[in-house]
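Novice: Sequence:
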Amino acid sequence: WIAAVGAIPPLVELATTGTDDAKLAAAGAMMTLSKNADNQVSIVAAGAIPPLVELVRNGPQETARMAATSALLNLAGNDDNAVETVAAEAIPPLVEAVKNGSQPSQAAHALAHLASMNADVAVSIADAGAIPPLVELLKSTRFGDKQMAAHALKLLAWNNAKNKVSIAAAGAIPPLVELATNGAGGTNKESNAGFTKEAAAWALAHLADDNADNQVSIAAAGAIPPFVEFAKSGTNNSKFAAVVFFKALATSNPDVKASIVRAGAIPPLMDLAHNDDPDFHHMAKVFAESAVHALVDNADH
Numbered sequence: 001w002i003a004a005v006g007a008i009p010p011l012v013e014l015a016t017t018g019t020d021d022a023k024l025a026a027a028g029a030m031m032t033l034s035k036n037a038d039n040q041v042s043i044v045a046a047g048a049i050p051p052l053v054e055l056v057r058n059g060p061q062e063t064a065r066m067a068a069t070s071a072l073l074n075l076a077g078n079d080d081n082a083v084e085t086v087a088a089e090a091i092p093p094l095v096e097a098v099k100n101g102s103q104p105s106q107a108a109h110a111l112a113h114l115a116s117m118n119a120d121v122a123v124s125i126a127d128a129g130a131i132p133p134l135v136e137l138l139k140s141t142r143f144g145d146k147q148m149a150a151h152a153l154k155l156l157a158w159n160n161a162k163n164k165v166s167i168a169a170a171g172a173i174p175p176l177v178e179l180a181t182n183g184a185g186g187t188n189k190e191s192n193a194g195f196t197k198e199a200a201a202w203a204l205a206h207l208a209d210d211n212a213d214n215q216v217s218i219a220a221a222g223a224i225p226p227f228v229e230f231a232k233s234g235t236n237n238s239k240f241a242a243v244v245f246f247k248a249l250a251t252s253n254p255d256v257k258a259s260i261v262r263a264g265a266i267p268p269l270m271d272l273a274h275n276d277d278p279d280f281h282h283m284a285k286v287f288a289e290s291a292v293h294a295l296v297d298n299a300d301h
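Here the sequence shown is numbered in my numbering, starting from 1 and rising by one per residue.
For the record, the hints were derived by calculation from the structure and aren't laboratory data. Idealized CB from N, CA, C, for every residue including glycine. Mixed in with the good hints, there may be bad ones.
When the alpha-carbon atoms are kept at most 30 Å apart in a straight line, the in silico DSS-like pairs for lysine-lysine are as follows [as the list claims (entries may be wrong)]:
#1 K139 / K99
#2 K139 / K232
#3 K162 / K139
#4 K285 / K232
#5 K162 / K99
Label pairs and their calculated CB-CB ranges [claimed, not checked]:
#6 H282 / P60: 51 to 59 Å
#7 T141 / N236: 26 to 34 Å
#8 A7 / E62: 42 to 50 Å
#9 H274 / E89: 48 to 56 Å
#10 M283 / A220: 24 to 32 Å
#11 T141 / E62: 31 to 39 Å
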């Protein structure tokens, strides 16, 4: 009803030209209102994205910058809004918020939304310097930071050869293997571990895909055993990540392939190739069969 009575345009005006306290209040209000899809339309239509980006960049208080970051995160879940957010030059201040903000997970999550748009945006995020602070965030003591860093790196690595090299060079592989193995902890440990393990698993699978150096580094970092576990007993999503991972590593050098065979990957991959669960992705079955053929050929020689 707040949007219906015309309250949003004055909030945008306060966020643009108000006093420091007014900007803080306006950003906080839009953070709350933007959780509602109908309100998101009204907020964007009122021209809120540019002043929110400016508050992330130069907000008068850290709380105002945090609120503006959270509002942009809520808005960026919509593809059209994400396009407008990128056009408003939100990427550099969001990267800065990952580096130095008090809630870097929010900024990392917003960057993940933007990275999912297309490869050009993912390159722009990397070019803005996002990869090193995201890798550093993987090592945070706060589970939310680790979750969102893994999620963002997963999307930055997807089908992006340049970013795969940069992410590995920044030292992401060991902490990603640690997260894929043990999750991020937190108060709801089972749920948090599942989300984080899957994000880290997909990040590693994307990093391994069509990159021989990363394949060797990932295997050397101890990733093969947790991926065997994903293939055996993970969710359908983590099983899919496992078959993408093993399909990639099945093209690697003979030592890596031999390590996969010794770790017991072939039986669960064979099971996945013949998985009759209607919710299990067809391409996952195809990838599993391809991985098995490559690994069996290696085992036979």
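Novice: Indicate, hint by hint, whether the structure satisfies it.
Specialist: Consistency of the hints with the structure:
1. K139 / K99: Holds. K139 to K99 sits at ~13 Å (cutoff 30 Å).
2. K139 / K232: This hinted pair holds, its Cα atoms lying about 28 Å apart.
3. K162 / K139: holds (23 Å)
4. K285 / K232: Holds, at roughly 14 Å.
5. K162 / K99: Judged against 30 Å, a Cα distance of about 21 Å means the pair holds.
6. H282 / P60: 51 to 59 Å: Distance hint for H282, P60 holds at roughly 53 Å.
7. T141 / N236: 26 to 34 Å: Roughly 31 Å apart at Cβ, these two residues keep to the hinted range, so it holds.
8. A7 / E62: 42 to 50 Å: violated (25 Å)
9. H274 / E89: 48 to 56 Å: Given about 50 Å between the Cβ atoms, the range holds.
10. M283 / A220: 24 to 32 Å: At roughly 28 Å between Cβ atoms, A220 and M283 fall inside 24 to 32 Å, so the hint holds.
11. T141 / E62: 31 to 39 Å: Distance hint for T141, E62 is violated at roughly 20 Å.
Comparing the model with each earlier hint shows violations of hints 8, 11; every other hint is respected.
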